[in-house]
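Protein chains: 2
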Amino acid sequence: MNQDLRREREAASFNPELLTHVLDGSPENTRRRREIENLILNDPDFQHEDLNFLSRSQRYEVAVKKSASMVKKMREFGIADPEEIVWFKKIHLVNFVEPVSLNFSMFIPTLLNQGTTAQQEKWLLSCKGLEIIGTYAQTEMGHGTHLRGLETTATYDPETQEFILNSPTVTSIKWWPGGLGKTSNHAIVLAQLITKGKCYGLHAFIVPIREIGTHKPLPGITVGDIGPKFGYDEMDNGYLKMDNYRIPRENMLMKYAQVKPDGTYVKPVSNKLTYGTMVFVRSFLVGEAARSLSKACTIAIRYSAVRHQSELKPGEPEPQILDFQTQQYKLFPLLATAYAFQFVGAYMKETYHRINEDIGQGDLSELPELHALTAGLKAFTSWTTNAAIEACRMACGGHGYSHCSGLPNIYVNFTPTCTFEGENTVMMLQTARFLMKSYDQVHSGKLMCGMVSYLNDLPSQRIQPQQVAVWPTVVDIDSPDSLTEAYKLRAARLVEIAAKNLQNEVIHRESKEVAWNLTSIDLVRASEAHCHYVVVKLFSEKLLKIQDKSIHTVLKNLCLLYCLYGVSQKAGDFLQGGIMTESQITQVNQRIKELLTVIRPDAVALVDAFDFQDVTLGSVLGRYDGNVYENLFEWAKKSPLNKAEVHESYHKYLKPLQSKL
Amino acid sequence: MNQDLRREREAASFNPELLTHVLDGSPENTRRRREIENLILNDPDFQHEDLNFLSRSQRYEVAVKKSASMVKKMREFGIADPEEIVWFKKIHLVNFVEPVSLNFSMFIPTLLNQGTTAQQEKWLLSCKGLEIIGTYAQTEMGHGTHLRGLETTATYDPETQEFILNSPTVTSIKWWPGGLGKTSNHAIVLAQLITKGKCYGLHAFIVPIREIGTHKPLPGITVGDIGPKFGYDEMDNGYLKMDNYRIPRENMLMKYAQVKPDGTYVKPVSNKLTYGTMVFVRSFLVGEAARSLSKACTIAIRYSAVRHQSELKPGEPEPQILDFQTQQYKLFPLLATAYAFQFVGAYMKETYHRINEDIGQGDLSELPELHALTAGLKAFTSWTTNAAIEACRMACGGHGYSHCSGLPNIYVNFTPTCTFEGENTVMMLQTARFLMKSYDQVHSGKLMCGMVSYLNDLPSQRIQPQQVAVWPTVVDIDSPDSLTEAYKLRAARLVEIAAKNLQNEVIHRESKEVAWNLTSIDLVRASEAHCHYVVVKLFSEKLLKIQDKSIHTVLKNLCLLYCLYGVSQKAGDFLQGGIMTESQITQVNQRIKELLTVIRPDAVALVDAFDFQDVTLGSVLGRYDGNVYENLFEWAKKSPLNKAEVHESYHKYLKPLQSKL
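As you go down the protein sequences, you meet chains A and B in turn. Residues 87 to 747 (the working numbering) make up the first sequence, in order. Residues 87 to 747 (the working numbering) make up the second sequence, in order.
These are computed hints drawn from the structure, not numbers from a lab. Note that beta-carbon positions come from the ideal geometry of N, C-alpha and C, so glycine has one too. A hint or two may mislead.
[Stated by the list, open to error] Straight line, CA to CA, 20 Å or less: simulated SDA-like cross-link-like pairs of lysine to any residue:
no., chain 1, residue 1, chain 2, residue 2
1, B, Lys-346, B, Leu-450
2, B, Lys-741, A, Pro-294
3, B, Lys-679, A, Val-600
4, A, Lys-741, B, Thr-246
5, A, Lys-723, B, Gly-310
[Stated by the list, open to error] Partial chain B-side listing against chain A, Cβ under 10 Å, derived:
no., residue
6, Thr-225
7, Ser-597
8, Gln-662
[Unchecked claim] Simulated coverage check for chain A against chain B, where a stretch passes if three residues somewhere in it have a Cβ under 8 Å from a Cβ of chain B:
no., segment
9, 247-261
10, 314-322
11, 616-622
12, 661-670
13, 734-744
Please model the entire structure based on the sequences and the hints provided.
Structure representation (structure tokens):
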């Protein structure tokens, strides 16, 4: 093992294995996760190609091959539990995406949620057996966020009992679905349902797009790849254009709404339940943010322990760059954030399962808050993680720009999370809508529960939003609970400002919608403060459940750093309304420096606890043994540009210029 | 032309052509720039391939071809002025980099600056004629920032009158030089000079690495490409390992230091002048930041004018997304920043030329401040631009992730600016060193001039840094001059805090270096505040020189937005020390919203004024005519994944799985 890493590990104040158990939820979870990971790592069929050296078409081919082998292996090993599938995929795919994933993550779940029992019986086995390779086609070239704006039509023809699907304009071409470009032979298509001359809005249809066996596009279908992107090289995100394309009536998913053979539309009893999938996906993405950020921190912190540069004390050898205060200030708040998000992710998963059981028993009461919370937290954690991965990359100096670091791939594969499954600003505004509704309800005398219960404490007689100051509070900057209170006051204040500004605009504007738009900066700010409070609160509460003293100490320091760093970054918010004083902010900045020094000896052990396999990190800089430079040289030699034939460009283009002298 | 863009252009309050003249410096400059751009655009040889569809090896080949054709064309058109070369290259290369660029930007200039007349006579013609294709090899795998840490040695052998070059370790392998991997046949190598058993530090040597004609690596030389990176696909950044490789004594650049034939070392008279190149390159990078950000804003704002989505008023057609307050809040402060950086870039260029003339006349007095200022501004503008390009990309929704938008390429080609030519944190600390020195000088009674003259006003009897508050100031948030004063106070306060904290650490720590490290967060913060002040000041001063009233009005609004947005983002800094009050911060947030509305009708004209040719933007979303969706579809069809042979992966990997059912 690298000497620097060995020394770091020996000096740690705690046993990282115990912290890994905390992150996994239990020692048993850790054991089972590793068991599954080892199934692949020890399998002779498993071979990790470095996709960085391949062209996009080659990467696509490797990805299809990997998809296929993954399906085979999962059948072989009998892995079916969703969580275990995630572990399995993480190791199998190593930071890359797979073209058939939407068959399992979108096509099958939609069939299960929205198909009738008969439809499930008809299609499900073929999907699971990959005879049907499905994807999910919702977004159009001209329409994303605003679902009502989607243009694709499905017009019912009672004579043949078929739906006629059409993409009437260029903007209506389905655009982006993963696996659509080359891989899939079916798609669940979202289209405006028209029957008996009337449009009933969006509904889902199973649409065959390629012939099974030959894989050729069917007549009336134009389908292909949408071209190269920022990352997702292996994924054939595709386009789909339909021209008077007919499918049987039975291909409409009819668990809720129905179209009778004669064309009569039967509307669904309730559509609240379609919330469920969105909530699930978004809460999953919070966990993804945590995992991606943890990976980036692992690479950047291990590299910073191995890299020696510059001078700290004249005449002494070059120090580890992790000893520079500026480097610690770049990385340790992000490490603290990674832990915060890990706990938020775990909380979201638990909550989702708990509320899902309630829903099963007909209790939908907590769904609105969960919906608002997942929207906001998806945005909050993905924005933060997005910037944080880049900060980790740039903290690695030049080598961070090389694909050898693994960081560019982590970034480009993560960044779409800010836009897909609900664009982040739109998500923040959804949370804001819930906050404004809650604020109004408190003002009409109702008591709120859950994460917004702090709104109950807003003194209703106040007029000026600035006067939250009158709440008595002395913030103890060494107490996570006290800091949580400070974040709560900040959220309450910003929610109130947004609400008052909104009321004010409503009075002066032609419509509520215009007023909403003209308050949206304040609304987003309020949502961010609310989400920040929730994260701080969950981290603080997690501390109470940690038994082991050494683990408790190190997590408490991370929690404090997370809280204080946020205060320092948003000092204006905490000064306004008198939540904190100027001299407290000065103390906060001083305390942050002290915490960096305290966390320093544990930094490597803290990333070791995330327990990523070297192969999962896909990084020369982040390897457990940290033999950075030798490995880097070996890696570079594999560059395709080092093949002899690339030299031809010299003889073709440069040599003729030389001879002209 | 797209109807939305036409309407936007008709509604503008000013003539963008006049603003273009301001940006170019004069109508004559605009004319000449366009003339050169048109040389290429009208040339039948000029053909714009979309490199996005090619593999890295193909991209490299195209880039070499383009490099060669560029050299030919420049010879043909007689373009030799450095500025005109930049314009020519911008259009010719269209957002991509060229492997032979270091021959012109680093090899030849170093030869001119550090070579004797005899050396220049011997080498220069061959370099210009591309018989010698040179690069510049400084950075090593294990060493970047800290030049004294470089390990490559050049040991003089008086018997043969040769230098023996060695890469003694893996970490000493030269790493990163552009064009080194495949293209170059010579490199200027920085190495530790050893003669008569003594090391004299870094010196520059001309090292042949490949045989002219065959282009084969010479014996003793190991050279190759370092592998794929985040961007710079066309560039063969390379590695170089030398094993007892001998070069003649005359290959050491000897304008300043010399090694006599017997091995006697003659040290240089002064080495201050080597500053010059760094200052030039860094001030050029400030302009590059402005250009990259202007490009990103052009694309995002034009697209936001063309894209319709969601609902603002119920029942009405989908609005342009540029009408959403959140979208304006994302983009207009960045647009204002782009203008700010354009003016800072122009100022840096002027100042560099002015001071360079002074230097020519032996006056070095302004060099230290210029050196400090370029370091800080390079870091400040590149960090800001880095985040801003990504913000522009993410403001384009899904299409921002596609290479069709051009934004991913702008980002990956810009982001290295944060690290090369001086890593940004190191740059900020260099500026801080100058600020601390200036602060000390003021305290020992000296008057400072230039950008740091505000330090003269610091009342020396004060002890608590918090007390800057005693300066009387009432900030007028509608006056750029008054806001400049506020930024000045903020900078003064943060410089003072850093200085006091540094003094305090010096008392308690073993060495000045340790104290410096333990204050470095404060030092970086002080430098950022100083740079922010300089940018605000230069923008405000620029307004005074604008004659045309309509241009003045629109630029004043942008300047106000730039200033107020900064205040809002860093509200804590302005509240502390009492520079501004809580109610002023509330007014600032309100005023920002008003400014967004005021700027809205001019947004498209403001990006039109940057005057980018469609082909330079390399973006479907940012085209002048804005036929976004048709163009997008045409672009996508060219994706290599749409070629028939890619289908084989279905038959090879997925079909066999299906048959197993």
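Against the structure, the hints:
1. B:Lys-346 x B:Leu-450: violated (30 Å)
2. B:Lys-741 x A:Pro-294: Answer holds: Lys-741 (chain B) to Pro-294 (chain A) is near 17 Å, not above 20 Å.
3. B:Lys-679 x A:Val-600: It holds: about 14 Å lies between the C-alpha atoms, which stays within 20 Å.
4. A:Lys-741 x B:Thr-246: Distance of about 32 Å is beyond 20 Å: violated.
5. A:Lys-723 x B:Gly-310: Roughly 7 Å between the alpha carbons, so the hint for Lys-723 (chain A) and Gly-310 (chain B) holds.
6. Thr-225: Constraint on Thr-225 (chain B) satisfied, holds at 7 Å.
7. Ser-597: holds (6 Å)
8. Gln-662: With a minimum Cβ separation of about 5 Å from chain A (threshold 10 Å), the hint on Gln-662 (chain B) holds.
9. 247-261: Held - the segment 247-261 of chain A has 4 residues with a Cβ nearer than 8 Å to chain B, which meets the minimum of three.
10. 314-322: Contact hint for the segment 314-322 of chain A vs chain B: holds, 6 residues under 8 Å.
11. 616-622: violated (count 0)
12. 661-670: Holds, because 5 residues of the segment 661-670 of chain A bring their Cβ atoms closer than 8 Å to Cβ atoms of chain B.
13. 734-744: Since 11 is at least three, the answer is holds.
The structure does not agree with the numbered hints 1, 4, 11 stated previously, though it agrees with the rest.
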